[in-house]
Amino acid sequence: MVSDALVLAEIAASRFGLGPRPGELEQIAHDPQGWVLAQLDAPQEALLGPGGTPLPSTLDYLERFAQFQRDHAEARRRMARQTAAGGTSLPRLSQRFGRDMQAERQARARQQCLTGAPVLERWVMFWSNHFCVSADRGKVVMLPGAYEREAIRPNITSRFSDLLLAVEQHPTMLLYLENADSVGPSSAVARAARRRASPRSLGLNENLAREILELHTLGVDGPYDQADVVALAQALTGWRTPLEMPPATNPPDLGSHGSVFHEAAHEPGPRILLGQRFAADGAGQGQAMLRLLAQHESTATFIARKLAGHFVADHPPAELVSALARSFRDQDGDLAELYRTLFRHPLAWQPGAPKFRRPEEFLVALYHALDKTPPSTGNQWEQELRLLGQRPFWPGSPAGWSDDSRDWIGADALYRRVALARRHGRDSTVEPLALAEHCLGPRLREETAVAISQQPPGMGRAMVLASPEFQWR
Amino acid sequence: MLNRRDFLGRLALGCSMWLWPPLARAETHQARPRLVVVLLRGALDGLTALPCPGDPAYASLRGDLAAALHPTAPMLNDTFALHPALSFCHQRFLAGDMAAIHACGQAYRGRSHFSAQDCLENGTDHPGGSRTGWLNRAIGEQAHTQGISLTDDRPLMIRGPAPITSWVPSPTSDATRVLAARMSGLYRHDERLGPAFARALEMQRIVSDEVVGGTRLEDIMPAAGRFLAPAEGASVALIDDQGWDTHARQNAVLARKLADLDHGLSALHRQLGASWRHTAVVVMTEFGRTVRVNGSGGTDHGTASCVLLAGGAIRGGKVHGDWPGLARLRDNRDLVAAQDIRSVLKGVLRDHLGLQRAALDTTVFPDSRTIAPFEGLIRAT
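Chains as they are written, first to last, in the working numbering: chain C, 46 to 518; chain E, 22 to 402.
Because the hints were derived from the structure by calculation, they are not lab data.
Careful: at least some of the hints might be erroneous.
Stated by the list, open to error - The calculated DMTMM-like cross-link candidates involving lysine to aspartate or glutamate, where the alpha carbons are at most 25 Å apart (straight line), are: (1) LYS184(C) - ASP211(E); (2) LYS184(C) - GLU223(C); (3) LYS184(C) - ASP173(E); (4) LYS351(C) - ASP377(C); (5) LYS184(C) - GLU259(C); (6) LYS417(C) - GLU427(C); (7) LYS184(C) - GLU119(C); (8) LYS351(C) - ASP326(C); (9) LYS184(C) - ASP174(E); (10) LYS351(C) - ASP174(E); (11) LYS417(C) - ASP145(C); (12) LYS184(C) - ASP321(E); (13) LYS351(C) - ASP472(C); (14) LYS351(C) - ASP86(C); (15) LYS351(C) - ASP375(C).
Unchecked claim - Computed beta-carbon distance windows for the label pairs: (16) ARG378(E) - LEU138(C): 40 to 46 Å; (17) GLY131(E) - GLU342(C): 17 to 23 Å; (18) GLY206(E) - ARG374(C): 46 to 52 Å; (19) ALA379(E) - PRO396(C): 47 to 53 Å; (20) ASP173(E) - THR474(C): 30 to 36 Å.
Quick caveat: nothing in here was measured; it's all calculated off a predicted structure.
Ideal Cβ positions, reconstructed from N, Cα and C, are used throughout, including at glycine.
The task is simple: from the sequences and hints, build the whole structure.
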C-alpha cells in the first residue's frame with residue numbers, strides 16, 4: 046500500500062527540488078508542502094571557489110580581461126616592428142580564463158548538490174535560463190557564473206521588476222546581447238565619429254532590446270512591433286561596461302555590478318514605447334521602460350505559462366497558468382508570492398511525473414541519489430554534462446535551453462545516460478534496491494525492482510539510475 | 022549468422038530491424054541520394070587547402086607559407102594545387118569524383134566567427150536571421166528524407182521542426198552494452214521513451230563493431246558512412262569539427278587538420294562502399310583568412326575560402342566557379358568572394374536531393390531569389 050504522503054513527498058523532492066537524497070523522502074512525507082514552502086525563506090548560501098576562497102566578481106573579471114586585451118595589443122605591436130616572424134607565447138582567451146571557468150562550473154555544481162534549499166536552487170536555474178547568457182561569445186566566456194551570482198541569486202525572491210533591472214543592467218547581459226556596442230545615431234559619440242570619418246560603423250544595435258521584448262518580458266506573441274524595438278534600443282544606448290569607455294572618462298554607475306551609463310553614447314530625446322510616452326531622462330528612461338514591461342499583462346501571462354511549463358508539464362493546465370498570471374499581476378510581480386501560488390495549487394501536485402529530466406537535472410538528481418558531491422577542482426562536471434548534451438553555461442542561444450521534453454528525448458541521449466549510470470553505479474557501494482526506493486519512492490515499478498534484484502550490485506545500481514522512472518520528474 | 026549481441030538487439034526491437042521506418046515500396050528500387058555536410062569551424066584557410074601557385078601574386082603575398090607548401094602540393098590545373106596532406110582527395114580528383122570551388126563567401130561580411138557561423142547555419146544573410154537551420158528545413162522539404170547529426174551539441178544547422186537523430190561516440194563498453202540490452206524490456210513499457218531506446222540499441226548495433234573512441238574526423242566520418250550505407254535509413258548527415266582558426270603556426274596546424282579530414286573522407290568512402298556512387302560530400306567553413314601572413318606564422322580572419330566536394334555524385338576532376346585572383350583584395354587583405362556558399366548548397370540540394378527551386382529560394386534559404394543554384398556540380402544520372 047503506497048501512502049499518499051510518500052507520493053507527495055516524491056513530487057516535492059523531484060518536481061520542485063533536485064531529487065531526493067538517501068532517507069529524505071520519509072522526512073519530507075511528514076509535510077511535503079511545508080517542506081517546499083519553508084525553503085522560500087531560507088538564507089542565501091554563498092558559492093565558494095577551490096579551497097573555500099571567494100569567487101571573483103564581474104568587475105574582477107573585466108579588469109583581467111582588459112589586461113588580457115592590452116597584453117595582446119602590445120604583443121601585436123611588438124611583432125609588427127620585428128621583421129622576422131615569431132610566434133606569440135601569450136595564452137589565448139580560453140586558456141587565460143580556463144581555470145576560472147572550471148572553478149565557476151564546479152562551484153555551481155557543488156551548490157546544486159550540497160544545497161539545503163534545493164527548491165530555491167531550482168528557481169536560480171529557471172531564471173538563469175530565462176535570462177540566458179551563453180559563454181559562446183568571446184568577451185563573456187568567463188562571466189556567466191558571476192552573472193548568476195550577482196544578478197540572479199540575490200533577486201529570485203524579490204519582485205520581477207527588480208530581477209529584470211538587475212539582469213538587463215548587468216555587464217554580462219550588456220556584452221552578450223551587444224548593447225555595449227550600441228550607440229545612438231545622433232549621440233555625441235556618433236557625431237564625433239562622423240566628423241572624423243571613422244571607418245568603424247557606429248549605430249544602434251537592437252539585439253538586447255529585441256530579446257527583452259521577445260524572450261524576457263512580453264513574449265514572442267506580445268503586443269509590440271518594430272517601432273517599440275527601436276524605441277527601447279534607443280533608450281538603452283549608453284548602457285555599457287568599462288571595456289568600451291575611452292580613457293580618462295568617469296561615467297556614473299549603472300546598476301551595482303560594474304556597468305556604466307555613458308551619456309555621450311546615449312540617443313537623446315523623449316520616445317514612445319507601447320503607446321506610452323517616456324521623457325528624456327538619461328539612464329532613467331530605459332529603467333522606466335523596463336518597469337513598464339515588468340508590469341505588463343502579457344509579461345504576467347508569458348512568465349506564468351513558462352514556469353508552469355517548466356515545473357508541471359509541457360502542456361500545463363490552463364487553470365494553473367491563469368492562477369499564476371493572476372498572482373503575478375495582483376501581487377505586483379512579487380516572486381515569492383508567485384512561487385507560493387504554484388506550490389499551493391492542487392494542479393501542481395498531480396502524480397504522473399510528466400517532465401523528462403533535462404541533462405543537468407538528471408545529473409544533479411543522480412548525485413543526490415548517491416549522496417555524492419563534485420570536487421571543487423577538476424573538470425569532471427563539465428565532461429559529464431557535455432557527454433549528456435547540456436554544456437554548462439553554454440546554451441548557445443539567447444532563448445536558453447528548451448523546456449520541451451521532446452527536444453531532449455533522443456536515442457543517443459538515452460544511451461549516454463546508460464553509459465554514465467554504468468560508471469556511477471560501479472563506483473558506489475549502496476545496496477541497489479535501497480537506492481531504488483530512496484530515489485524513486487512509490488514511482489519504482491514492480492518490474493524494475495525485480496530486474497534490479499537479479500543483477501550484481503554495480504549493475505543493479507546502474508539500472509536504477511538508467512531506469513525509465515529515473516528519467517522523469 | 023547472428024551473434025549474441027545482434028540477437029539481443031533484435032529482441033529489443035521486436036520485429037523491426039531498421040532505425041527508421043522503411044521507405045514507400047516504389048522508392049526502394051531506386052538508390053536514394055546521400056548528402057554529407059562537413060562544417061569546419063574556425064575558418065579554414067582556403068589558400069592552404071587549395072593554393073593557387075599559378076596566380077602571379079600568390080608567391081609574394083603568401084611569403085613563407087607558400088614557400089614551405091608549394092613544392093610538394095600536386096597541381097590540379099594551371100592555377101590551383103591541392104595541399105599535400107589531401108592525398109585521398111587528390112586520388113579522387115584524378116578519378117573524377119572530387120571537386121573544389123574557390124573564393125566562396127557569405128552575404129555576411131563581418132569577421133566574427135560566431136556571427137558568420139550563425140549565418141552559415143541559419144541560411145539567411147544576417148546573424149539571428151532564423152532560429153532554425155537550413156539543413157533542417159531542407160530535410161523537412163522531403164517526406165522520406167531522414168537526417169542524422171554526428172555532432173557534440175545540437176548545432177543551429179539541424180535545429181527545427183524536422184526530426185533529426187543525433188549520434189556521437191559514447192564512452193561505451195561491453196558492460197554498458199550489456200546493461201542497455203538488459204534494460205530494453207523495462208523501456209518497452211514507457212511509451213514516451215521506448216521507441217528512442219530501441220533506436221539507441223539499433224544504432225549501437227550499427228556502429229559497435231568498430232571501436233569509435235575519438236572525436237576526430239577520421240573517427241566520426243566512418244561512423245557517418247555506416248549510418249548512410251544501408252539501403253534504407255538516414256540519407257543526410259551533418260558533421261562538424263573545431264580548431265581551424267589558425268592565427269599562429271598555420272602550416273603545422275593545417276597539415277595535421279587537413280590530414281585528419283583526408284583520412285576521414287577516405288574512411289567514409291570505404292564505409293559507404295557501393296553507396297559512395299550516390300553520395301555528395303560538401304566541406305565548408307564560415308569564412309576565409311587574410312592572404313598575407315601575420316607575425317606569428319598564421320593568418321587572421323578574412324572573407325572567402327574554398328568549398329570541397331567529394332562523392333560519386335559529384336562532377337569532379339575540376340575546380341568549378343570563378344576565380345577573382347589575388348591582384349585585387351578586399352580591404353587590401355582578403356580574397357574576394359566570387360560566389361555565395363548558398364549558391365553552391367542550392368546547386369547540390371536541387372540537383373542531388375531534388376529540392377524545388379521555389380523551396381530553396383524561400384524556405385531553405387529565405388529571401389534568396391537572387392542567388393541562383395550553382396550549375397553543373399552534380400553528375401547527370
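Structure-based check of each hint:
| no. | hint | result |
| --- | --- | --- |
| 1 | LYS184(C) - ASP211(E) | violated, 44 Å |
| 2 | LYS184(C) - GLU223(C) | holds, 10 Å |
| 3 | LYS184(C) - ASP173(E) | holds, 23 Å |
| 4 | LYS351(C) - ASP377(C) | holds, 18 Å |
| 5 | LYS184(C) - GLU259(C) | holds, 24 Å |
| 6 | LYS417(C) - GLU427(C) | holds, 16 Å |
| 7 | LYS184(C) - GLU119(C) | holds, 19 Å |
| 8 | LYS351(C) - ASP326(C) | violated, 33 Å |
| 9 | LYS184(C) - ASP174(E) | holds, 21 Å |
| 10 | LYS351(C) - ASP174(E) | holds, 24 Å |
| 11 | LYS417(C) - ASP145(C) | holds, 23 Å |
| 12 | LYS184(C) - ASP321(E) | holds, 18 Å |
| 13 | LYS351(C) - ASP472(C) | violated, 38 Å |
| 14 | LYS351(C) - ASP86(C) | holds, 23 Å |
| 15 | LYS351(C) - ASP375(C) | holds, 18 Å |
| 16 | ARG378(E) - LEU138(C): 40 to 46 Å | holds, 43 Å |
| 17 | GLY131(E) - GLU342(C): 17 to 23 Å | violated, 38 Å |
| 18 | GLY206(E) - ARG374(C): 46 to 52 Å | holds, 49 Å |
| 19 | ALA379(E) - PRO396(C): 47 to 53 Å | holds, 50 Å |
| 20 | ASP173(E) - THR474(C): 30 to 36 Å | holds, 33 Å |
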